[in-house]
Amino acid sequence: MATHGVIHRPKPSPQPSPRGRGREGLDRGVRRLWTAVLLSLLAFGAFAKDAPNAAADPALEARMMRIAQELRCLVCQNQTIADSHADLAVDLREEVRVMLRKGESDEQVRKYMTDRYGDFVLYRPPVKATTWLLWFGPGVLLVGGLLGLILLLRKRTRMSDDRFEPDEADGVEEEVRT
Amino acid sequence: MNMKSLRFIIPLGVFALLVFFLWRGLRLDPHEVPSPLIGKPAPSFALTRLDDANATLRRDDMLGKVWLLNVWASWCGACREEHPLLVEFSKTKAVPIIGLNYKDQRSDGLGWLNRFGNPYDASIFDQNGRVGIDFGVYGVPETFVIDKQGIIRMKHIGPLTPDVIDKRLMPMLRKLNA
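From first to last, the protein sequence lines are chains G and L. Here the first sequence stands for residues 1 to 178, numbered as in my numbering. Here the second sequence stands for residues 1 to 178, numbered as in my numbering.
Simulated from the structure, these hints should not be mistaken for laboratory data. Hints are not guaranteed to be accurate.
Said to hold, decoys possible - One-sided excerpt, in silico: chain G residues whose CB lies under 8 Å from chain L:
1) E70
2) C76
3) Q77
4) D83
5) H85
6) D87
7) L88
8) D91
9) R110
10) Y123
By construction, the Cβ of each residue, glycine as well, lies at the ideal position given by its N, Cα and C atoms.
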C-alpha cells in the first residue's frame, strides 16, 4: 500500500542491520510478528467502527455497500471503498451513509466522490471523449483483428495450390504421382 | 520495400512501441491522481486554530492573498520527512503557509510542532477529517496553492522536495503574484 508519500500510518523505522543473521534475525522475526498482530488489531478497529452503523439499518447498509463497491479507495488503490480498512475508506463509507440517510441519490453520491477525487475513483469510468479509447479500444482491436483474419483467409483461398508448401501427407501423394 | 522485410519490421515496430509504453509506465506514479479541484474554488471551511480552540479561520479570511495549504498530521511519517524543508522554506517568507492538521489530536499536533519547529502562519484543526475530504486529501502530506480569488491552482501529493519547490511551486507563486 505505502509507496512514497502516501502513508496513512507511521512507518516502521528503517533497519540498518543486514537481514536475518543470529540474534538480529530473531529480533527481526519477533518484531515482524508484533507488526502483524498490531496490523490485524487495526483491521478489527475498522470493523468495530462500522459495526454499530451496519446493525442500525440493513437496507441502507446494503445500498451503501453496493455504491462503495464501485468506488476506488485512493489509499489502497486496488481495493474498493467497500473492501478497504484504510481510515479514509471508513470515513467515506460513513459519508455515503450520511448522504443516503439524507435521501440523496446514488448519482449524487458518485458526483460527490468525483468532485473531490476525480473520475479515477469510479471503477466504471464515464464514457466521454477522453475515455473512448478505454471503452472502445478493445472492441476496435477485436473487430480489426477479425477483419484482418477474414481478409487473409479469403486471399489464401483464392491462391493457387503451388503457393503453399505441401503437407506431409500430400507430399507422399505427390511422390506417388511423379 | 518488399513484403518479406515488412514481415520482420512490423512485429519489431510493435515490440518497440510496447517497450516504449511499458518503460513510460514504470516512471509514472499511480499514486499521483490529478485533482479535479485544480482551477476550481477551494472548498469553503471554518475551522478552529490548532493552538486556540476559540479562534476560527475561514477560507474567505485568506481571499486577496496567494497562500499555501499544507495538510499534515503528527502520526504521518512522510510529514516528518518533509518538515525540515518546509521549516526552511517558511523562513523565505515567500508565501503564507496554513497548516491543515488532519485527523489528529490537538495535544499531539501542538507537541509535534514544538519538537520539530513550526513553519505555519497558522494551523487549523480538522479532527474528523471532513475538510480534508472536501479537499480530496488521500495521502498526507499534501500541499495546495490557492490564489487571490480563492481558486486552487496547484496540488502536490506527498512530501515536498527541493525539486518540487524550485521547479513547480516557485514559478507558480511568481506567476500568481505577478
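Right, here's what the structure says about each hint:
1. E70: 17 Å, violated
2. C76: 10 Å, violated
3. Q77: 6 Å, holds
4. D83: 16 Å, violated
5. H85: 15 Å, violated
6. D87: This interface hint holds because 7 Å falls under the 8 Å limit.
7. L88: 6 Å, holds
8. D91: 6 Å, holds
9. R110: Constraint on G/R110 not satisfied, violated at 13 Å.
10. Y123: Hint on G/Y123: violated, closest Cβ of chain L at ~14 Å, above 8 Å.
Violated hints, listed in ascending order, are 1, 2, 4, 5, 9 and 10; each of the other numbered hints is respected by the structure.
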